[in-house]
Amino acid sequence: MTDELTDIIAGCQAGDQSAQRQLYERYHRMVYRLAVRLAGVRDAADLAQEIFLRVFARIGSLQNRAAFTTWLYRVTANECLRHQRRRPRGCEPMREEPISEAAGPDRLLEQADLLERALDQLNASLRAAFLLRESEGLSYQEIAEVLGIAPGTVASQLSRARAELQAYLRRIEQGH
Amino acid sequence: MNCDQVQRLLSRFHDGELNATQRAGIELHLGNCALCLAELSAIAELAELVRTLGEPEPPAQLWEQLARRLECKVPTRFERMWRMLYTWKYAAAAALLLLALGAAWLVYKAAGGHEAVSNSGSHPEMEHSLDGLLAAHTGERVSLQEAARRVNFRVLALSDLPEGFRLGECCLCQDGCCDLVQCRLLCGTDQVILVQCRPDHPVRFGDRPVLETRVNGKAASIVQRDGCLICSWQTRDTALTLAGPRDLSQLVRLVAYVDQRLESKP
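Chains as they are written, first to last, in my numbering: chain A, 1 to 176; chain B, 1 to 266.
Each hint should be verified, as a subset may be incorrect.
Rough simulated footprint, nothing fancy, chain B against chain A, three-plus residues with beta-carbon under 8 Å [claimed, not checked]: (1) 3-9; (2) 15-23; (3) 26-35; (4) 42-53; (5) 64-70; (6) 112-122; (7) 140-150.
Examples of chain A residues toward chain B, derived with CB under 8 Å [to be verified]: (8) F56; (9) L81; (10) R85; (11) S125; (12) Q166; (13) A167; (14) I172.
Hint data in this document are derived by calculation from the structure and do not stem from the laboratory.
Don't be surprised by glycine CBs; every beta carbon is placed ideally from N, CA and C.
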């Protein structure tokens, strides 16, 4: 952890709004990205606000500043999963404008659309583990700390998530 | 290694989470098996596909909206204290430290030394009093199965309680960003509370345990409060606090019951 980040966290702990702004600037893309991918785009902005309010309200009790990023991921994942329990994501798109069948020849966008649909089929905890790994690049140990599960459970959840996603994508390719 | 063994480990292999021996075994197998190689390619393709999702763009006004909400928010006592410390830094910190030491000494003397067991935990957010815990049930009352379904840690089923005990109500409580599953176990007129939460967020009582002990090799602390014994320890998947037994034999019996079942395979 850099000295600069340590200073920003200390500033946030003192309620300094310029430090809060700096922390926001560093992490808002990560928080928003996870909110979109775990809870859907419709509620992502509200969720991101709630997450930062929670972070600023509780950062005073954060003793281990070096573990800030893991803690932020944990607050974000918990808030998104809690939101999911209250309001299941269903087939809500990750983007504002879902890509239609007639979106054109852009294969990448079609693939992204397919993956979004496949992710919708996963249960919330499998989706969280998969995205923390593949989208955020966290290690098994870090995912375990974020989700409050054992690293062995992370391994089995990732294996299951991948198998379910592949099965879904295969079914789509075969036209079922 | 055969195909079954390899395919069970392919996801971890892809993520670089295997040891050198396992890795070498899989690499050897992949050199001769097109089927397993195709499975590995499918995992890699999935990772590639995630990269096509692109980066969602946060709304431009997000900070302005957040800043307005932050300005409206009345700072908590804790935040005010931090603000003061941050402003006055070392002088204030030293004064506060002296005050805290003095207060701690007074409390210790007033409570008669070792009888005083204050309520503090490793997480300030997780502080509870036993009375509060026993009477709490401030969360949502749900079945144990429902609670287990809604939390992201392993919850003990409590299906075959020790003789004489029966399961009372269960509550899903939230503490900070973590869920707690709080169950009441009844035995005649006695009651015991079992709190289960994620292992990195344990509920603990007392900064001076009466007894530091071990439960099947794991560190555990026992404190006495309001005539009840409280034991806190954690298994691989769950942090546990058992509060309420009146004597050590009942405590040992219940702790052994809980620990044995949680350490067995789910």
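Hint by hint, here is what the structure shows:
| no. | hint | result |
| --- | --- | --- |
| 1 | 3-9 | violated (count 0) |
| 2 | 15-23 | holds (count 5) |
| 3 | 26-35 | holds (count 4) |
| 4 | 42-53 | holds (count 6) |
| 5 | 64-70 | violated (count 0) |
| 6 | 112-122 | holds (count 4) |
| 7 | 140-150 | holds (count 6) |
| 8 | F56 | holds (7 Å) |
| 9 | L81 | holds (7 Å) |
| 10 | R85 | holds (6 Å) |
| 11 | S125 | holds (6 Å) |
| 12 | Q166 | holds (5 Å) |
| 13 | A167 | violated (10 Å) |
| 14 | I172 | violated (12 Å) |
Hint violations for this structure: numbers 1, 5, 13, 14, all remaining hints satisfied.
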